[in-house]
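Undergrad: Keeping their order, the protein sequence lines are chains A and D. Per the numbering used here, residue 1 is the first one in the first sequence, and the count goes up by one each step. Per the numbering used here, residue 133 is the first one in the second sequence, and the count goes up by one each step.
Fair warning: there could be bad hints in the mix.
Unchecked claim - What the simulated footprint calls covered on chain A by chain D, stretch by stretch (three residues with Cβ under 8 Å from a Cβ of chain D suffice, anywhere in the stretch; the number is not a length):
#1 12 to 23
#2 43 to 49
#3 55 to 65
#4 101 to 107
#5 112 to 125
Stated by the list, open to error - In silico negatives: residues of chain A with every beta carbon more than 10 Å from chain D:
#6 Gly7
#7 Glu8
#8 Gly9
#9 Pro26
#10 Glu27
#11 Val28
#12 Asp31
#13 Asp37
#14 Arg52
#15 Arg68
#16 Pro69
#17 Leu70
#18 Ala74
#19 Ser88
#20 Arg96
Because the hints were derived from the structure by calculation, they are not lab data. Note that the structure is predicted; figures quoted are calculated from it, not measured. Virtual Cβ for every residue (Gly too), placed ideally from N, Cα, C.
Spelled out, the chains give:
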Amino acid sequence: MELFGLGEGARARLAVVLADVFGESPEVARDVAQFMDGYLRDAPALAALGLRAAIWAILWLPIVFVGRPLPVDALAPETRAKYLLRWSDSHVYLVREAFYLVKAIALFGWGAHPVVRARFAMPLVSLTARRT
Amino acid sequence: MSDIRDAADFVVVGSGAGGAPAALVLAEAGHDVVVLEEGPRVRPEDRGLATSEAFARLFRDKGTQVAMGRSVIPILQGRCVGGTTVVNGAIVWRLPEDAYERTFGSIGARDAVPLRALETKFDRIEKDLSVAPASDALLGGNGRLMRKAAEAMGYRGHAIRRNVIDCQGSAHCLEACPTQRKQSMEVTYLPAAERLGARVIGGREVRTIDVRGDRAVAVRGRDAEGRSFVVEARRGVVVAASAIQSPCILRRSGLGGRKHVGAHFRVHPGTAVMGIYPDDVRIWEGATQSYEVDEFRKDGFKLETVSLPLELAGVRLAGIGESFTRAIADYPKMAVWGVQVRAEAEGKVAPSGGHASISFTPSERDMLVFKRGVKLLAEMHFAAGAKRVYPGVHGGPYELFSRDEVDTLDDLPLDPRAYGMIASHLFGTCRMARDAPDGVVGFDFGVHGVRGLWVVDASVFPTNLGVNPQHTIMAMAMLAAEGIAERAPSA
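So that you can see chain D by itself, here it is in the shape it has in the complex (with noise of 0.2 Å):
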């Protein structure tokens, strides 16, 4: 069977936080422009669905991708047109300056990436994507719970900046918002690029690039029917694939060299912590993540509501039979809060067969972070008035009754065997750096050795943000793309 041939000025290789505004950025300076996305396009049949069936559709591995060390960590990807932007739970953060400076600043690309140039990418963004903090009424009362704990606790804590329009409060995020209020790419960017000319399409995995002398001409890969196809690439290539995608693809390809590319993988693994309150909640009203606390961000960690859907606050619970059917029947009276840590230890990431293989297991200061986060939590329930607190800590109590036994959390283990954790933000794995021995990309995000080679996603991050990536990810793609529309090598 002959390949499925095309070909454009650049391909984009993912359509998701980093692919859909390089490639908007691309198109708007009047490049042919294709974007090549594994997943399929989301239907509107696709929206809202119960968990099993948004993981089925929208996620990669259909939900059941991890992450293996000393502990199994569920690694959550959107597989779809728009990515994991499809999936998440719709936050915006500005890259803090402390952020930045770690991030950029530790390597010395103050230069090639200025944090007063991502400010005005993020200017844009918050404007095309109608950025705003979550509304009173779309707290939830998930939300107002944690609002009252941190104003009784004295923690800075704020509603959380969210992309979407006239949002309906569905709790929904997670399983592709059912009204497509969220401002998720394909409802965005996406579009945008398609009206100047870019074509999106869903269903294709780019597998390898080409590359002829030093430079990469086309992508080759394979559509959801497993049909081979190849896409020249008349100016470059663009990788935007996610810090899971991107390094297996370099690593196929044999781009990049064997030293960082799949290494230093970076996440914010996060564990939830339960409360249960004398009058109803119901966390299934509201936006999923509606409001957080900060005030920990520069000891590491970030604490947020997340509003579990039954399925999956259920899975939180331990216990079976009576015990499971008494804790669950509080599902309507159940606060769910979540620690999200920024973890310093690295894992790695490298193809095996069709899939991925990953590697992480936390450091022992990052089960310290969380143990505090843990413990925080519960005394932030108990503030707010919860009558119960489920730490979720296998070896620890089973649940709390009162703020007074908060205090035997210090005796948690720091075996991360012992936490149901789950991690969604990922770095590192095509790390910048000035020099190639250093790094996977250049600071003109141009993969070292190679012309005509970018990588744009999260994988260029050094390190973890320390807050959710998506915002400056997409600030950081768009700058990347106005340098690659001007320096990129002639058709």
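Chain A with its partners taken away, still in its complex shape (with noise of 0.2 Å):
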């Protein structure tokens, strides 16, 4: 049953936030961010509801954050990298967490990329349709 996913705009502003966090190109994050769209769905409802609360939080917490009363993506690039930072290296485990869950979820997408497996040299792996 699907529950949850990620509309248009949400993986476009996750995308942005991946390709930060990553390092990573704008493609290949926005393959992650459909790649998380698509565990979203797939997912057991319980994991499902905390990741796409996780997601919502930081696309649009920049007003807690950061003070700025702005999605994510329309912030500087320095202010998104202060943000993303104040998430990622946060004193409060859940708030640390949160983010660590959906670093996690992406990096199955980011990992299983084709582009990212040929920069190290390694074999691929098949990443075929979850919904078998």
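Could you fit the two chains together into a complex? Lean on the hints.
TA: In structure tokens form, the structure reads like this:
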């Protein structure tokens, strides 16, 4: 049952975040955001709920962390870097863990991406359509 | 819609390290056996996939199962025909005498579960599953470096004994061996049992056990399409669904008493420390887990290599942007070693909706052991020639550049929230005890107060073993099944 997914806007904003987090090209970051969308649609409901909430918070809470009433993709690059660092290095466990969750799931898509694997001269792995 | 109905002499619930050997022994004794496994059969196309896809197809809750406590700890379990044996590191450890004493000796079960009897089962299993130490070629860069570190520091270590035939060293054990070289249950004991007439059925989740009078007579559940099924057990039900699912089935069925079912949940939580070396390590070549240091086993922890795939290696690295890019760029030069702790803390497991609610928080003593293990791993990395080490503990140094800096790890926090832990060895939730007030199953593995119902998985261990458990589970399940075949109520 599909309860969660990412709309086009959320995917685009998330791709901006992932490009920053992984130091990655916009093309690969977009693919990873697409992967996250598929993951959310297929994940167990409770896990999907937690992940979707964490993504929402990262996309929309610059107001809380850097005092800017903007979505994350509208921040200037330096401000966005500061904002993401406040998530990843937070002393509040739940904040840090929420960011870690998003990063961990995104890494599943990133680490299996053919461009990334080619960069490391590693054999490709099959990441077939999740809903089989 | 009417139920799917079936019947057998023995219904075995679960097809992993407990269920498969038990089914084989019962089939060898000439009984009509059906094995019900919640997860699907593993197809060739399900093997050696990317980590996320393997999680989605072969792991419980698609790899999202966690224990909640002071921190969140992922609990990884296979959910497929063959159970966790399909997705483990193929490590085979004979139960050492001190661990046997702590496990069965401490509860007075030396006569009921004799070490000598377990040893004969170990012999058989090691022959059946082609157990041997990882060859030099399969140590890979990761294992060779840990061996170098152990030798340099004078620690006792050895190549890991594994259940494989002609391993190709693809470092994909955790994603189901892509070449079927791992001798896990779905390619060994389950087909052997099937050749003797046993039926192994995937996609059948057992939810409850029916009891008539004082005797277990059937199991009920639902299949992968959501249809109900009932399987009558003419002689009995053997539960081997893991330390998470077995107590949930008993609890839903109102069996085993309320005090101990799901209580005393014990684990071996682990964490990893990464070292970056001057030359390529290429951890994606060789056995997933190839070398271990057991010098400190009696102190409550064990050190071992674990060749994390790129996806999971990235998870273990803190930092974002340039800091992450710089760290992950060294993945080809990275060695990853883990510490597994025999935690003394106890948690709980209970059914919650369609899932299991798991709670666990390591004790302060457990965290002291963790801290010691992390420091030792950092020292060992430098002893093996690492130029940089990532301890991976929040609040501690992000990276170390020399052995002189290792003492800074003495100041690591003891808060479990600072550590990225994971657990896959699970015990204790249907623990064995001579008398009903003290546990769930007796010395004959039978659930106290119920005839024809046995539990033969890691949930019966009254404590955690301190070594990788699949070998002991298999041997114990064989021993238990021999007794069940002899003494089960007649049909």
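Undergrad: Run every hint past the structure and note whether it holds.
TA: Do the hints match the structure? See the list:
1. Counting residues of the stretch 12 to 23 of chain A whose CB falls under 8 Å from any CB of chain D gives 4; the rule of at least 3 is met.
2. Figure legend: the stretch 43 to 49 of chain A, annotated as covered by chain D; annotation consistent (4 residues with Cβ-Cβ distances under 8 Å, at least 3 required).
3. Only residues whose beta carbon comes within less than 8 Å of a beta carbon in chain D count, and the stretch 55 to 65 of chain A has 0; fewer than three means the coverage is violated.
4. Counting residues of the stretch 101 to 107 of chain A whose beta carbon lies closer than 8 Å to any beta carbon of chain D gives 4, which reaches the threshold of three, so the coverage claim holds.
5. Given as covered by chain D, the stretch 112 to 125 of chain A passes the check, having 8 residues with a CB less than 8 Å from a CB of that chain where 3 are the minimum.
6. The claim that A/Gly7 is not at the interface with chain D holds, since no C-beta of that chain comes within 10 Å of its own (minimum 22 Å).
7. Under the 10 Å C-beta cut-off, the non-interface status given to A/Glu8 relative to chain D holds; the minimum distance is some 22 Å.
8. Listed as outside the interface, A/Gly9 is consistent with that label: its C-beta sits roughly 22 Å from the nearest C-beta of chain D, beyond the 10 Å cut-off.
9. Residue placement check: A/Pro26 keeps its beta carbon more than 10 Å from all beta carbons of chain D (closest about 15 Å).
10. The beta carbon of A/Glu27 sits about 16 Å from the closest Cβ of chain D, which is more than 10 Å, so the claim that it is off the interface holds.
11. For A/Val28, the condition that its CB be more than 10 Å from all CB atoms of chain D holds, with the nearest at approximately 12 Å.
12. Distance to chain D confirms A/Asp31 as a non-interface residue, since its nearest Cβ pair spans about 13 Å, more than 10 Å.
13. Every Cβ of chain D is farther than 10 Å from the Cβ of A/Asp37; the closest lies at roughly 13 Å, confirming the non-interface assignment.
14. Distance check for A/Arg52 against chain D: the nearest CB is about 13 Å away, which clears 10 Å, and the non-interface claim stands.
15. Consistency note on A/Arg68: stated as away from chain D, and its beta-carbon is indeed over 10 Å from all of that chain's, at 18 Å minimum.
16. The Cβ of A/Pro69 lies farther than 10 Å from every Cβ of chain D, with a closest approach of about 23 Å, so its non-interface assignment holds.
17. The beta carbon of A/Leu70 is kept farther than 10 Å from every beta carbon of chain D, the shortest such distance being approximately 19 Å.
18. Distance check on A/Ala74: its Cβ is at least 18 Å (rounded) from any Cβ of chain D, clearing the 10 Å threshold; non-interface status holds.
19. Residue-level check failed: A/Ser88 sits 5 Å from the nearest beta carbon of chain D, not beyond 10 Å.
20. Listed as outside the interface, A/Arg96 is inconsistent with that label: its C-beta sits roughly 7 Å from the nearest C-beta of chain D, within the 10 Å cut-off.
Hint violations for this structure: numbers 3, 19 and 20, all remaining hints satisfied.
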